[in-house]
Amino acid sequence: TRTPPEEAPEQIENPSFILATTTSTQDSGLLDDLLPVFTEDTGIEAKVVAVGTGKALQMGVDGEADVLLVHAKAAEEAFVANGDGLKRFDVMYNDFVVIGPKSDPAGVSEKAPNNVIDAFTAIRETQTAFVSRGDDSGTHKKELSIWDSIGTIPSGDWYVSAGKGMGDVIQMANEMLGYTLTDRATYLSMAQGIEIIPLVEGDERLFNQYGVIAVNPEKNEMINAEGAQAFIDWILSEKAQELIGEYGISEYGEPLFVPNAK
Amino acid sequence: MGEIILGIEEAFLLLISFNKEIYGIILLSLYVSLASTFFSTIIAVPIGTALGMRNFKGKGILIRLIYTFMSLPPVIAGLFVFLVIMRKGPLGHLRLSFTPTAMILAQICIVVPIIVGLTYNGVKEKGNTIRDLGKTLGANNRQTLFLLIYEMRIIILAAVIAGFGRAVSEVGAVMIVGGNIKGHTRVMTTYIAMLQNMGDYSKAIAVGIVLLALSFLINGILFNLQQR
Amino acid sequence: MGEIILGIEEAFLLLISFNKEIYGIILLSLYVSLASTFFSTIIAVPIGTALGMRNFKGKGILIRLIYTFMSLPPVIAGLFVFLVIMRKGPLGHLRLSFTPTAMILAQICIVVPIIVGLTYNGVKEKGNTIRDLGKTLGANNRQTLFLLIYEMRIIILAAVIAGFGRAVSEVGAVMIVGGNIKGHTRVMTTYIAMLQNMGDYSKAIAVGIVLLALSFLINGILFNLQQR
Amino acid sequence: MNIYLENVIKEYEGKRIVHIDELHIKNGALYGFVGPNGAGKSTLIKMIAGLEPLNSGNIYYGHKPKSNPPFEIMTLVFQKPYLLRTTVEKNILYPLRLRGWTEKAMEERVTELLKDMGLSEFRNQKSWKLSGGETQKVALARAMSFRPKLLLLDEPTANIDPSTIAIIEKMLRKANQEEKTTVIIITHNLQQAKRLCSDLVFMHRGNAVEHGDVEKVLNHPTHSLTQRFIEGELIVD
Amino acid sequence: MNIYLENVIKEYEGKRIVHIDELHIKNGALYGFVGPNGAGKSTLIKMIAGLEPLNSGNIYYGHKPKSNPPFEIMTLVFQKPYLLRTTVEKNILYPLRLRGWTEKAMEERVTELLKDMGLSEFRNQKSWKLSGGETQKVALARAMSFRPKLLLLDEPTANIDPSTIAIIEKMLRKANQEEKTTVIIITHNLQQAKRLCSDLVFMHRGNAVEHGDVEKVLNHPTHSLTQRFIEGELIVD
Ligand SMILES: Nc1ncnc2c1ncn2[C@@H]1O[C@H](COP(=O)(O)OP(=O)(O)OP(=O)(O)O)[C@@H](O)[C@H]1O
Ligand SMILES: Nc1ncnc2c1ncn2[C@@H]1O[C@H](COP(=O)(O)OP(=O)(O)OP(=O)(O)O)[C@@H](O)[C@H]1O
Ligand SMILES: [Mg+2]
Ligand SMILES: [Mg+2]
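Chains as they are written, first to last, in this note's numbering: chain Z, 353 to 614; chain U, 16 to 243; chain E, 16 to 243; chain H, 20 to 256; chain B, 20 to 256.
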């Protein structure tokens, strides 16, 4: 089927595309900061749908989104390898931190302030509450890979598999006085109302890379490939990278993301 | 608990801020839930009325099914509508995904069974009496239907109020088909869910209070109609 | 659309798998929604009945408020209960957060207004007639209340069905106060929401179908009571 | 309006409630239907009004047989009258509005009926606040408002006081004589039947046991059941 | 049971509906309340039953003045009887169950009442499937089932056929004589009042215009309103 001709002018008049992303980029406020500038620069409107990583990728597979901004590198590469996406670009990174109660019952800040493997081992040994995303998200995948590297499939009452978004999980850990693994951006944006604090950080295994991928335009004729490409070009541009690097400094005293487009 | 007090304060601040974004969200919420309630009413009241008065084979099962669909989880309704209107879905060419229209469609799926079920239940008791009266006084079919709706207004409006309550408060369906896109498909409930997820409890409660206040207004209007 | 067919298939597979986890989720769903509907009924039916028969100053406003709380967004109800039972909250010492009990409490907040509103609405029309009849035949207050409930069973059960429908299908409140903890507070709706968010549409639909099937069973039982 | 009933049978739960072989309601007559409780009078009159389906048989209205009751020119007052949840006036106006009367004609007719029935002070009263007899009077006024050609009345004066009964009977007689309205009235009051009716149908257990001229049936009943009923004995066999 | 009414006033929307200076219902008597539609008869009887609040005044029951109507030993049949949504039998049993009768006693009583009223075949019929007169009979049977000492009846035979009326009157008379049941019956049927009652109260526009021995009131009314009512004239002033 052909696109009906009368829709074509409308398309140009108000061009927009769907950006599927994870809740961390939306909830941290980064996209609210960036997108108005993007629209101003290009005249294109980005419609952000913030969902779980799994769903974001699924939306790409289905051709329901035009471009993805997610953080699950292995899954992203598989996505491109399957022909669902065109090409993956690094955009920015931040890092994961292990947060937990000030009292630190597992003693991780003593034993392993910058070694996540030792920290997880201590948590497992002491059977202190650990709240997991449990939702197959990028963060969850990262967490599982750490458990895997210490040869554990975590289970038991202390291991709380929540199946919820990052914000909710941080609140649950706060309420249960437990530990969790979170991306720094989400933690910082919520740090005000909670009592749990970063205990483990700076381990290179906690690196959290975000990537951008245009969905394969051959999926269906409704995909706005031009919009997607314009967004990718823009977010990898120097200007956007600079904005990313500055975002959060005024509010949190440090940037939430570190731009690293090549 | 401090968040609740703060929330009440913030609700006032939100309203008097005349912030364009927040008013946009409120208006879209109203538009979506009123539209879905309106269309659901138009669809459901005649069906519920007819069910209340006609007898046919399999009616018992049908009623039970309708009652069952009162339990339709909004997420499932949303997912269903999403699969139908998605780009590669059967109605993909209409380009409805992530639009207010899609949100209205999904809510209609949720609200119709509620209004049908409650209308049916009210009508079955005295619907036949009223229909017979209408006939004997010379009303044609259309006039009899209006007479029925007029006489059953207390029950029908309660059904509509219950349906509106469901529409305006649900988040699962509109989140999926609307996507909570800022400035485009963000409504009060999706905003609340997002704020809640961000840990901004007091603002979430503030928006919740605004939602309840609006609902109070709308229900006041419906209630006045009912008491006539 | 293929997901829907797949979902139906998967629903069967889920049920015949006798997977302990899935049956745990189903049982917990039933427990939470039935318990909250049960307690809501006990609270709401007498209130709705009394409201339907007594007149007092400010009643109009009260009714409107009750109707308004039919629109209480589940997320707000959940948040409210969470703030009360959280560690720092007034009932923090009871350690209710992320327990099925908390989920029941939050659902009661949502379901009570629905049952009160619909019961009130039904009772106001012939409640007084029935109360007067009970009195004249020698029933004491308790017996008169039972008589009222018996005679109003059609309306009350429809209200209960609507309330149960809301309880079993809502996700916002149980998600917040329960936390969707695997093996502990995960119920069908939170599981559906999670699966949906993970992009596993067909499994989400499968669980949704199981939920509807259970609801069909429960409604069948209530419906039979009503038809007596 | 002439009405013919032919082999009319009505059953509930396998029980025969009405069974009329043949009955001819003559145009312009004033019929009384009498008989014990549960004889099937209300069921029969509802069937004549087309509100109860027949199990078998036929009912014809007017000269040309047709089987849809013409409610433009006929109506029925139920044994338990149902008033619309609005004022007395609006109840009486309803059938006139349906027939597109002018405001002026409606106003005149309502005023006249309310006055005749002694209901003037209740014109704007809500219908659910009326007494039993007032309710019945409003239902009757509403039915007579549009001057129907066929009036089916199910115990219309059961709750009405004797003085008002006299007025209502006068109104019915007038409608019958001046407007040639055919009237069927169900009544338990044999005196009323005698005063009012030209013809009488005596029903018993679903059958029209006896029918004919009112004087003849009341004074010289041919059937022993009729006779016993008239003598006021119990009919429980 | 003796009942005293003292300065009883009832108003609706500022309109005085009932106004009784003094009225004494004598224990063991059989009262007829008559009067035109809207006179306030139903309102008065409901006030006597304590179901309508008074605007002012007092009602006393029995020897010692107390103001709560003793429903263990009295009851009221409404003008529009309401039957419970269940079978005829269960309707009649309900007041007996409340009073803790034995199964055997209940069984006997129900059978007797159903037989007396010619309702035996309807024992297991659902109440909403009854005819108008059958409904009224069940309501009456239910009220009489527990042999109350005071029976308030609001037009209980309005829809009942003459033969059954005779039986019901006999039952009422029997209850009155053998069980000393005080009866108040509202009726529009002056013949019935004459046959049945010992005392008559004539109501008009809320007032008990005349009361006394039934023969006296009917044959020698002292008030012109009563006289006109008895003569069957219209009372619209
Ligand atoms: N839905 C029903 N199911 C079973 N029986 C019914 C139903 N409706 C009516 N009946 C029975 O049919 C018979 C005739 O009823 P109908 O109302 O026609 O009597 P009627 O002659 O008008 O009596 P009444 O003088 O008491 O008003 C009654 O015995 C009644 O119990
Ligand atoms: N809620 C109300 N509001 C206003 N007026 C009322 C209300 N209830 C009753 N009335 C009026 O009070 C008057 C007395 O009513 P009531 O029912 O006592 O009359 P009644 O003597 O029993 O008449 P009937 O013989 O017609 O049954 C009537 O004129 C009626 O319209
Ligand atoms: Mg009848
Ligand atoms: Mg009365």
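Derived from the structure by calculation, the hints contain no laboratory data. Check each hint, because a few of them may be wrong.
Stated by the list, open to error - Quick list of the computed label-pair ranges, beta carbon to beta carbon:
(1) H:140 x B:21: 33 to 41 angstroms
(2) B:192 x H:243: 22 to 30 angstroms
(3) U:53 x E:65: 27 to 35 angstroms
(4) H:140 x B:87: 32 to 40 angstroms
(5) B:31 x E:62: 45 to 53 angstroms
(6) H:124 x B:89: 49 to 57 angstroms
(7) H:140 x E:239: 46 to 54 angstroms
(8) U:228 x Z:589: 42 to 50 angstroms
To be verified - Simulated crosslink set (BS3-like; lysine-lysine; CA at most 25 angstroms straight-line):
(9) H:65 x U:141
(10) E:139 x H:99
(11) E:139 x Z:493
(12) U:103 x Z:439
(13) H:123 x H:168
(14) E:139 x B:123
(15) B:99 x B:123
(16) H:235 x H:189
Glycine included, every Cβ here is placed at the ideal spot set by N, Cα and C.
How the hints compare with the structure:
1. Taking 33 to 41 angstroms as the suggested C-beta distance range, the pair residue 140 of chain H and residue 21 of chain B conforms, at roughly 36 angstroms.
2. Hint check: residue 192 of chain B to residue 243 of chain H, Cβ distance near 28 angstroms, so the stated range 22 to 30 angstroms holds.
3. At roughly 33 angstroms, the beta-carbon separation of residue 53 of chain U and residue 65 of chain E lies within the given 27 to 35 angstroms, and the hint holds.
4. Roughly 35 angstroms separates the CB atoms of residue 140 of chain H and residue 87 of chain B, a value that falls within the hinted 32 to 40 angstroms.
5. Between residue 31 of chain B and residue 62 of chain E the CB atoms are about 28 angstroms apart, so this pair departs from the stated range of 45 to 53 angstroms.
6. Distance hint for residue 124 of chain H and residue 89 of chain B: a CB-CB separation of about 56 angstroms, consistent with the stated range 49 to 57 angstroms.
7. Range check, residue 140 of chain H to residue 239 of chain E: Cβ separation about 50 angstroms, and the 46 to 54 angstroms hint holds.
8. For residue 228 of chain U and residue 589 of chain Z, the Cβ-Cβ distance of about 45 angstroms falls inside the hinted range of 42 to 50 angstroms, so the restraint holds.
9. For the hint pairing residue 65 of chain H with residue 141 of chain U, the CA-to-CA distance comes to about 17 angstroms; that is within 25 angstroms, so the pair holds.
10. With a C-alpha separation of about 21 angstroms, the suggested pairing of residue 139 of chain E with residue 99 of chain H holds against the 25 angstroms cut-off.
11. In summary, the hint linking residue 139 of chain E to residue 493 of chain Z is not supported, as the alpha carbons are separated by about 57 angstroms, beyond the 25 angstroms threshold.
12. A C-alpha spacing of about 22 angstroms is found between residue 103 of chain U and residue 439 of chain Z, which places the hinted pair at or below 25 angstroms, so the restraint holds.
13. Taken as a hint, the residue 123 of chain H and residue 168 of chain H pair is honoured in the structure, with Cα atoms around 22 angstroms apart against an allowance of 25 angstroms.
14. At roughly 38 angstroms between alpha-carbon atoms, residue 139 of chain E and residue 123 of chain B are farther apart than 25 angstroms, so this suggested pair is violated.
15. For the proposed pair residue 99 of chain B and residue 123 of chain B, the alpha carbon gap of about 31 angstroms is over 25 angstroms, so the pair is violated.
16. The straight-line distance between the Cα atoms of residue 235 of chain H and residue 189 of chain H is roughly 23 angstroms, inside the 25 angstroms bound, and the hint therefore holds.
This entry does not satisfy hints 5, 11, 14, 15, going by the numbered hints stated previously.
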